[in-house]
Amino acid sequence: MLLKIFRVFLCLLTITLSLELRAQSLQKNSFYDYKPARCAGEIPSDFLVKSSEKAEAAKREIKDSRVSRQDKKQEFEYAITSSFAVDEMLSSGQILFGDSMSLFIQNVAKRILESNGEEELLKKLRFYVLKSPIPNAYCTSNGAVLVSVGLLSRLENEAQLAFILSHEIQHYILKHSLKEYKKINTMKNASSGQRLEDKLSDIYNFSQENENEADLNGFKMMQRAGYNLDEGVYVFDMLKYAEYPFLEITLPIDSFETEYYKFPLSLHTQIKEAVKKGADGDEKHLQEQGDETNKTHPSLDRRINRMRDMIAADGNQKGKPLYLAGKESFNYISKMARHELLLLYLRYADYGNAYYLAEVMQKLYGSSLFIAKVKAMSIYGLAHHSSLKHSMDKYGCNVSRSRGEWRPLIALFSKMDLKELSAFGSRQIYFIKKEYKDDPFLDKVSRDFFRIVQSNALIRISDLALAKPQLENNQDTTEKSDETDNNSGIKNPRNRVKRNASTGASMGTYYMQIFTDIKDREYLQKFLKEMQYSELSKTEGEKQDPIAKKSKPEQVVTQMVMFPPQIELSYGSENKRDLYQEEDYKEFLVNKWDELGDKANLNIDVLRTNMDQRVSLEAINDYMALSDWIIERLNNDTQDMVLFNGEFVKEPMQRKNATHVGWVSYDYKQGKRKFSPEYMLYSMVFYPTFPLYLIWQFSRDYQFNEYCVVFNTQTGKAIHVKRKKFSSRLQGDLLNAQIYETLYNVKYGK
Amino acid sequence: MKLIAFIKKTKKTTLLSFSLAVSVVALAQNNPGYLGYKKSVDLTVTPMFFNFIAGGPSMKPAVGVAYEMATKSKLSIRFGLSHVNNSVTQQNLDYYGLTLSIPNNSGSFSSNDYGNAYGNFNYSYTAFSIAPRFFKTHKGAVAPYGGYWGFDLSLGNAKVANDDNVVYKMNDNGTTSERNFTNDAWKKVKVVSLQFNVGKRRYFGSSGISAFYQMGVGYPLWQNSSMYLTNTATYFANHQDLLENAMVRHIANGSIMEIKFGVGYGIK
Chain H
2 MLLKIFRVFL CLLTITLSLE LRAQSLQKNS FYDYKPARCA GEIPSDFLVK
52 SSEKAEAAKR EIKDSRVSRQ DKKQEFEYAI TSSFAVDEML SSGQILFGDS
102 MSLFIQNVAK RILESNGEEE LLKKLRFYVL KSPIPNAYCT SNGAVLVSVG
152 LLSRLENEAQ LAFILSHEIQ HYILKHSLKE YKKINTMKNA SSGQRLEDKL
202 SDIYNFSQEN ENEADLNGFK MMQRAGYNLD EGVYVFDMLK YAEYPFLEIT
252 LPIDSFETEY YKFPLSLHTQ IKEAVKKGAD GDEKHLQEQG DETNKTHPSL
302 DRRINRMRDM IAADGNQKGK PLYLAGKESF NYISKMARHE LLLLYLRYAD
352 YGNAYYLAEV MQKLYGSSLF IAKVKAMSIY GLAHHSSLKH SMDKYGCNVS
402 RSRGEWRPLI ALFSKMDLKE LSAFGSRQIY FIKKEYKDDP FLDKVSRDFF
452 RIVQSNALIR ISDLALAKPQ LENNQDTTEK SDETDNNSGI KNPRNRVKRN
502 ASTGASMGTY YMQIFTDIKD REYLQKFLKE MQYSELSKTE GEKQDPIAKK
552 SKPEQVVTQM VMFPPQIELS YGSENKRDLY QEEDYKEFLV NKWDELGDKA
602 NLNIDVLRTN MDQRVSLEAI NDYMALSDWI IERLNNDTQD MVLFNGEFVK
652 EPMQRKNATH VGWVSYDYKQ GKRKFSPEYM LYSMVFYPTF PLYLIWQFSR
702 DYQFNEYCVV FNTQTGKAIH VKRKKFSSRL QGDLLNAQIY ETLYNVKYGK
Chain L
73 MKLIAFIKKT KKTTLLSFSL AVSVVALAQN NPGYLGYKKS VDLTVTPMFF
123 NFIAGGPSMK PAVGVAYEMA TKSKLSIRFG LSHVNNSVTQ QNLDYYGLTL
173 SIPNNSGSFS SNDYGNAYGN FNYSYTAFSI APRFFKTHKG AVAPYGGYWG
223 FDLSLGNAKV ANDDNVVYKM NDNGTTSERN FTNDAWKKVK VVSLQFNVGK
273 RRYFGSSGIS AFYQMGVGYP LWQNSSMYLT NTATYFANHQ DLLENAMVRH
323 IANGSIMEIK FGVGYGIK
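Chain order of the listed sequences is H and L. Under the numbering used here, read the first sequence as residues 2 to 751, first letter to last. Under the numbering used here, read the second sequence as residues 73 to 340, first letter to last.
Hints should not be assumed to be uniformly reliable.
What the hints assert, rightly or not - Dumping the calculated DSBU-like pairs for lysine-lysine here, alpha-carbon to alpha-carbon at most 35 Å:
#1 L:K211 with H:K673
#2 H:K593 with L:K340
#3 H:K670 with L:K211
#4 L:K211 with H:K723
#5 H:K751 with L:K208
#6 L:K208 with H:K723
#7 H:K593 with L:K146
#8 L:K211 with H:K725
#9 L:K211 with H:K51
#10 H:K670 with L:K208
#11 H:K587 with L:K231
#12 L:K146 with H:K726
#13 L:K111 with H:K723
#14 L:K272 with H:K723
#15 L:K231 with H:K751
#16 H:K675 with L:K272
#17 L:K111 with H:K600
#18 L:K146 with H:K673
#19 H:K527 with H:K420
#20 H:K600 with L:K259
#21 H:K36 with H:K364
#22 H:K111 with H:K176
#23 L:K211 with H:K751
#24 H:K600 with L:K146
#25 H:K675 with L:K208
#26 H:K600 with L:K208
#27 L:K111 with H:K670
#28 H:K593 with L:K208
The hints are simulated quantities; they were obtained by calculation from the structure and are not laboratory data.
Whenever a hint applies, use it, and build me the whole structure from the sequences.
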């Protein structure tokens, strides 16, 4: 009896605890010092089953179906190609599951499906969040529904999300991707170099007819679920303005000016012209959104009109709910999505846009350490790339593409030169550091920023504190020295340099007034003194002993984390991929790198995230963290920069006791050899070699490319880059030799 | 004492080999090798069957040992020693058409006795070679693994072993007779050859065991017997010179085109 009671008690306790944990998961993520969302909970079956097994299961279903032979053949091909394509995306490190956002999406989807009598679909559909800033959603052929962070951050309420989910679910129910495939009889081969969202758009590119059908049936689903249908229209309005910030604040340039620090008139003029030019482009862009000529999607205007007609038939939407799963939950995940969006902008080095959005978030949610870090990082990123004379368009300062209220700020960033940007950034960093004194990341970024100010912008930062107030720009406060010696008529050419005697700054340098209004001069001077950079203050680790380089190389890397090796095997003139063999090779390569790492005395920890039962949640999250870091590193394309994601890879790297991360990719093509007329001529002249020529000409041509890069996650430096092409067959000992050579060179930092 | 005498005698050769060895060791840098195997000790076989162009195939293979050391990813140096006991056959002698011209008792040149060589004889040939190998890194080779091309410079000693079966059919004013000459004190004929070759070494798993094949074309650059490069009949004043000449021709023909095979044991 007692045992029974004890068992019941245990069950109840377990249920209560799990409910509590689930509730807590929504509250866990603190926004003050926000950390990136990670996958949680049970790993979905998508990640545990091999792509080949999924393809075979899909083929078995098709085999039993009553379709024509021709159709069956096409559907087999489609099943294989789509299974592998979807899995490639799911294992990209950009997909979240089990986090608060995807759980909320699942919750809303559950309501929609239950109210539409489609409970069975709940077992087939899986809901994920795609870490992408582009507002979009996708539904794959095998039932994975992806909603991007960019879209979640823009949604105003749950009803809008419901419409999107209803629309995507309809693509799955109506099998639009299979129909499209049968029509065009090909699936575009997404290349490995493409961004994930571009790959998805290429593969799941539906026709206007499909989109209209999904809109209509999705609308009906939403109607049955009981949501306010007007919100469906607002979704299209929102998509029309997808290139605008998710929310806007007016941030005039003069809001950055002080009594003494004022932008010159010329800069104001440049900004106004850039903004006007951009605004003209906005009109054209909005018109294009309404034009569906030569487009696969129907125009947004047409879709809006169609929706309005359907809503009118349904009746007045007033009073119909915007939230069924919960407003508080929606607001929470919306806030989370916006924080994720800021992280994405930093990851893609869109610093100009990230700074503006941080200002918006500050207004919306108040100050936080996270927002301060984003602002500091954005300013630092802009200064860093400006000091390297990179095109600022690539770093979130493209004025024509920055539609809306962020354009003036973007124009300001794009028009400022390095000195102006350095002074501007100094003030921002000063206030941020003053508020968040103890944060180590802010400290690192600030110090590196001021190094740029001194070493690249060539501004003496002590002068910033010493600058005397100038009431007007370009006002000459120089003590006018006599250019001419009155006695002899002799002039000193040096006197052409007009300088403020007390500061040493040159004339017309309005930006030197950046700190003139600061009252707490003592603190300012102390701050700037702390930020002073000198060669002498370099740590031992930063100093390089020139003699040491010449002596015998020492092992610099003893432990390394590796992404699972990627491989593409293609054959024939159309470069058809052998997906099954690729899967086998991927597994083979993971084991090979592991094995050869031991032989090379280099501990290699390969993140096993290929679709397999052995996949662990820890490996998936580690992969995600490292993948975010590498994306940021590659988008910045620089050897020497503090990276935002550096903070988030510390823990996984410490756990693995490693400091380096490596990524390798292989590309193996085999096909007919191209006809070589010159070799044929040579062989006819030296006729004994003609049979050899014939053997060579009719033999297969092999191309084997290897690309490998290894980074130090602490410094961001690429310690080894390998790009090699071999015209050779892929053989076991060839792979052994190349992998071992790579490991050897990595070990010694070559 | 014997060693000192030997070094004195072969001063130049010793100095050269020693310098080469030292420079090779000095050049040796850190390089990965194949799974850490940078050196290899090989057993080689060179079937010298290309002698068929000189009247008949010679199926006696030369066997040897070699030591190869990878100094860089693209380069290795190979030291080899090979030996063959071969035979110059009747067909070879017919092909060479060598003639002995010895003065008869009358003392005048015009009445020299002439005799063509018939029969067969054995010789031994030992060669030491040094060969740089340049690996085809664009095809994925990492010394000492993979495809390569290179040069073999070899210094060999050839010596006639047994001439009992050689006779000369002499023509003495219309009278033919057979004469036989023997020589017990054959000198070593030095032969320096150069060969250009291509080959490939493959490894089996990670055991360090490898196998290679190589094809080469070459020819003697220098030798200290009285050999003519053309194939016209030649006249010799003595039996010794004639046989040495035949021997060197045999070696030269065998090295015009050569195929070599080998198995190796890797050393880290």
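Given the hinted pair K111 (chain H) and K176 (chain H), is their alpha-carbon gap at most 35 Å? At roughly 20 Å apart (the allowed maximum being 35 Å), K176 (chain H) and K111 (chain H) satisfy the hint.
If you draw a straight line from the CA of K111 (chain L) to the CA of K670 (chain H), is it 35 Å or shorter? Cα-Cα ~32 Å, so holds.
Straight-line alpha-carbon gap K211 (chain L) to K673 (chain H), limit 35 Å: 18 Å, holds
Agreement of K600 (chain H) and K146 (chain L) with the hint, judged by alpha carbon distance not exceeding 35 Å: Holds, because 22 Å separates the two Cα atoms, which is no more than 35 Å.
Can you confirm whether the C-alpha distance between K675 (chain H) and K272 (chain L) stays at or below 35 Å? Holds, at about 25 Å.
For a C-alpha distance cap of 35 Å, please report whether K593 (chain H) and K146 (chain L) respect it. Distance ~24 Å between K593 (chain H) and K146 (chain L) Cα, so the pair holds.
Hint consistency between K211 (chain L) and K725 (chain H) [alpha-carbon to alpha-carbon, up to 35 Å]: Since the Cα atoms of K211 (chain L) and K725 (chain H) sit roughly 10 Å apart, the hinted pair holds (cutoff 35 Å).
Do the alpha carbons of K211 (chain L) and K723 (chain H) lie within 35 Å of each other, as the hint requires? With a Cα-Cα distance of about 15 Å, the restraint between K211 (chain L) and K723 (chain H) holds, given a limit of 35 Å.
Does K208 (chain L) sit within 35 Å of K751 (chain H), going by the straight-line distance between their CA atoms? 21 Å, holds
Hint check: K111 (chain L) vs K723 (chain H), CA-CA at most 35 Å. Holds or violated? Holds - the C-alpha atoms of K723 (chain H) and K111 (chain L) are around 25 Å apart, at most 35 Å.
What's the verdict on K527 (chain H) and K420 (chain H), does the C-alpha distance respect the 35 Å limit or exceed it? 22 Å, holds
Does K208 (chain L) lie within 35 Å of K593 (chain H) when you go C-alpha to C-alpha? 23 Å, holds
Comparing the model with each earlier hint shows violations of hints 11, 15 and 20; every other hint is respected.
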